[in-house]
Amino acid sequence: MTDWLLDTLIWTSALMLLVLAIRGPVAERFGPRIAYALWALPAARFLMPTLTTVVEREVPVAPASATGGVDPLLTERILAAAINSPAPESVAAPFDWMPVILGVWLAGALGCFAFHQYRYIRDARAIRQAGEKIGRFGGIDLIVSPKAPGPVAFGLFRRIIALPPGYAEACTEAELDLALEHELSHHRSGDLYARAAGLALLSLHWFNPIAWKAFAAFHFDQEAACDARVLSRRGREARADYGRAIAKTVAQRQFLFAHARDTQLKRRLQMMKSFNHRPAGALLVAAAAMVLVPATASRAVEFLDVPAPPEAPAAPVAPTAPAAPTNVPAPPAPPAPPAPPTAPMVATSANAFVWSQDRDGEEKRIEINIKDNGKDYSEMTAEERAEFDRNIAELREALAEMRAERPEIEREMRSELEEARREVRIEKIEMKEELAEARAEIEVAIAEIDANADELRADGKDPEVIKMSLRTSLNAIEEMDLESIVDAALSSVDVDVVLSSLDAAEKSLEEMLADMEARRNR
Numbered sequence: 001m002t003d004w005l006l007d008t009l010i011w012t013s014a015l016m017l018l019v020l021a022i023r024g025p026v027a028e029r030f031g032p033r034i035a036y037a038l039w040a041l042p043a044a045r046f047l048m049p050t051l052t053t054v055v056e057r058e059v060p061v062a063p064a065s066a067t068g069g070v071d072p073l074l075t076e077r078i079l080a081a082a083i084n085s086p087a088p089e090s091v092a093a094p095f096d097w098m099p100v101i102l103g104v105w106l107a108g109a110l111g112c113f114a115f116h117q118y119r120y121i122r123d124a125r126a127i128r129q130a131g132e133k134i135g136r137f138g139g140i141d142l143i144v145s146p147k148a149p150g151p152v153a154f155g156l157f158r159r160i161i162a163l164p165p166g167y168a169e170a171c172t173e174a175e176l177d178l179a180l181e182h183e184l185s186h187h188r189s190g191d192l193y194a195r196a197a198g199l200a201l202l203s204l205h206w207f208n209p210i211a212w213k214a215f216a217a218f219h220f221d222q223e224a225a226c227d228a229r230v231l232s233r234r235g236r237e238a239r240a241d242y243g244r245a246i247a248k249t250v251a252q253r254q255f256l257f258a259h260a261r262d263t264q265l266k267r268r269l270q271m272m273k274s275f276n277h278r279p280a281g282a283l284l285v286a287a288a289a290m291v292l293v294p295a296t297a298s299r300a301v302e303f304l305d306v307p308a309p310p311e312a313p314a315a316p317v318a319p320t321a322p323a324a325p326t327n328v329p330a331p332p333a334p335p336a337p338p339a340p341p342t343a344p345m346v347a348t349s350a351n352a353f354v355w356s357q358d359r360d361g362e363e364k365r366i367e368i369n370i371k372d373n374g375k376d377y378s379e380m381t382a383e384e385r386a387e388f389d390r391n392i393a394e395l396r397e398a399l400a401e402m403r404a405e406r407p408e409i410e411r412e413m414r415s416e417l418e419e420a421r422r423e424v425r426i427e428k429i430e431m432k433e434e435l436a437e438a439r440a441e442i443e444v445a446i447a448e449i450d451a452n453a454d455e456l457r458a459d460g461k462d463p464e465v466i467k468m469s470l471r472t473s474l475n476a477i478e479e480m481d482l483e484s485i486v487d488a489a490l491s492s493v494d495v496d497v498v499l500s501s502l503d504a505a506e507k508s509l510e511e512m513l514a515d516m517e518a519r520r521n522r
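Numbering (full-length UniProt numbering), first residue to last: 1 to 522.
It is possible that part of the hints are untrue.
What the hints assert, rightly or not - The calculated lysine-lysine pairs, modelled on DSBU-like cross-linking and capped at a C-alpha distance of 35 Å, are:
no., residue 1, residue 2
1, LYS507, LYS375
2, LYS428, LYS467
3, LYS133, LYS467
4, LYS147, LYS375
5, LYS507, LYS248
6, LYS432, LYS461
7, LYS375, LYS248
8, LYS147, LYS133
9, LYS461, LYS133
10, LYS147, LYS428
11, LYS507, LYS428
12, LYS133, LYS248
13, LYS147, LYS461
14, LYS432, LYS467
What the hints assert, rightly or not - Just the calculated beta-carbon pair ranges, DEER-fashion:
no., residue 1, residue 2, range
15, TYR120, GLU169, 50 to 60 Å
16, PRO99, ILE426, 33 to 43 Å
17, ARG136, LYS375, 46 to 56 Å
18, ALA451, ILE134, 28 to 38 Å
19, PRO407, ILE134, 16 to 26 Å
20, ARG457, LEU6, 57 to 67 Å
21, ARG522, LEU6, 50 to 60 Å
Hints listed in this document are in silico derivations from the structure and should not be mistaken for laboratory results. Where a beta carbon is used, it is the ideal one built from N, C-alpha and C, also for glycine.
Let the sequences and hints guide you as you build the complete structure.
In structure tokens form, the structure reads like this:
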């Protein structure tokens, strides 16, 4: 378990760093929604179990005695020797630090998650209690609250969109409509659940500055993907009104996981120019997931002991004959056992490339199923032939696009990776500065917990447990060696290895296309 956890933390950090490096070029070429989908790679790696290989090994079996039992006298002597032998001197085992390290890590993870949940519950409750309900859209309450600094969507079970007083009057009708559409899209697309999962993964990486940088980038990509969903439904003519609505919203929001900056606002407005995504991008993400996630999985070898076949007993010595012949032919050798039958080959049933596309607020799954059922083109029905030809055309288009853009993607990926490394180093410095702010904020949070202790107990939460988690988290953060963790994660990402994996995925698609074209001519 410990080995799996260590491998998983290192490889998810490496995949986060990879996504930080390539998300920019991917968003420019394939759209913000494809860049947002890249964050499924580290999440999928964290859910990947250990891949165990079972190896059989033969264990010799002691032969039974000729009389069919064990000599009782020999057994008695062995037991007596074991009883009378002096006990070996005890040797003090070295202290095992691993439980201590795991305890510190777990305390930090729980403290980080509890701290963010406390802030979320506090702010959400303040907005709800001060708010006034003015409408309801498909199970989502719309309220106006003076505690809301801007339009905000929150609530996993009781879904709410909050507006600050006067916001509707400050916007035109088109701007207000688009701002509400943006928040509704967050609820309908499951962005809040994805954000909660991202926070859980961040809490497990609470000591890792790469994870904090990745979480901020994940939030930005989620917002950009939501922008793209809204514009894909409303069309290009709504881009100007939508840009003004986003500018008015982001300019005043610093709430509920929002970390907006001026540069991020400019990037969001620039990315609104390319709100569509191309099928080649979805194929690229699917190929990367099929190659990178299994390639980084933890591996183990399990030995299965099987008894070795017993040796044949020695033949008894025959008595000497009085007049034995000089040349006695040897007895014929026993026939060799038959070889085991060859296992039959099992044909692969299908290869599927699946990606998600939001349309009219609902999730749509588009699949390209390439069936390898052994049928020739002449044996297919008209419907099967049409789908077969369409799959070949899409694969050709995707491969041509990937080959044409590969050199520039490689160049920008290396550049982005170097930039990500530089930003991570800067982020490490900023994180040390933020520790001082976190210490002060935790003290304020503890004071607020004491003030609201009765209300927390009414909600089923123990204030003392929350305070203990916060203090433990802060102590654990200050004791971690950030330098070695960052260096290990940075050194684990090799662009050449990633490019080789992409080459292998592209080659697999080429072989698949060649096989389909060969069967097309039969």
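Exercise for review: Go ahead and decide if the range 33 to 43 Å is satisfied by the Cβ distance of PRO99 to ILE426.
Suggested key: Roughly 34 Å apart at Cβ, these two residues keep to the hinted range, so it holds.
Practice item. With 50 to 60 Å as the target window, see if TYR120 and GLU169 comply at their CB atoms. Key: Between TYR120 and GLU169, where Cβ atoms are some 29 Å apart, the hint is violated.
Point to revise | 35 Å limit on alpha-carbon distance, applied to hinted pair LYS432 and LYS461 | key: holds (31 Å)
Exercise for review: Please test the hint of 46 to 56 Å on the beta carbon pair from ARG136 and LYS375.
Suggested key: Given about 53 Å between the Cβ atoms, the range holds.
**Study point:** Hinted pair LYS507 and LYS248, Cα distance within 35 Å
**Key:** Measuring from Cα to Cα gives roughly 47 Å; hence the hint is violated.
Review point. Within a Cα-Cα threshold of 35 Å, do LYS147 and LYS461 meet the stated pairing?
Key: Holds, because 24 Å separates the two Cα atoms, which is no more than 35 Å.
Exercise for review: Would you check the hint for LYS133 and LYS467, treating anything up to 35 Å between C-alpha atoms as holding?
Suggested key: holds (34 Å)
Point to revise | Hinted pair LYS147 and LYS375, Cα distance within 35 Å | key: With Cα atoms ~64 Å apart, LYS147 and LYS375 exceed 35 Å; violated.
Practice item. Starting from LYS147, check that the Cα of LYS428 is at most 35 Å away, please. Key: At roughly 33 Å apart (the allowed maximum being 35 Å), LYS428 and LYS147 satisfy the hint.
**Study point:** Verdict for ARG457, LEU6 (Cβ pair) under range 57 to 67 Å
**Key:** Because 38 Å falls outside the window, the suggested range is violated.
Point to revise | Given hint LYS248 paired with LYS133 - CA-CA distance at most 35 Å | key: Answer holds: LYS133 to LYS248 is near 22 Å, not above 35 Å.
Exercise for review: Starting from the range 28 to 38 Å, see whether the pair ALA451 and ILE134 falls in it by beta-carbon distance.
Suggested key: holds (31 Å)
Going down the numbered hints, you'll see the structure goes against 4, 5, 7, 11, 15, 19, 20, while the others check out.
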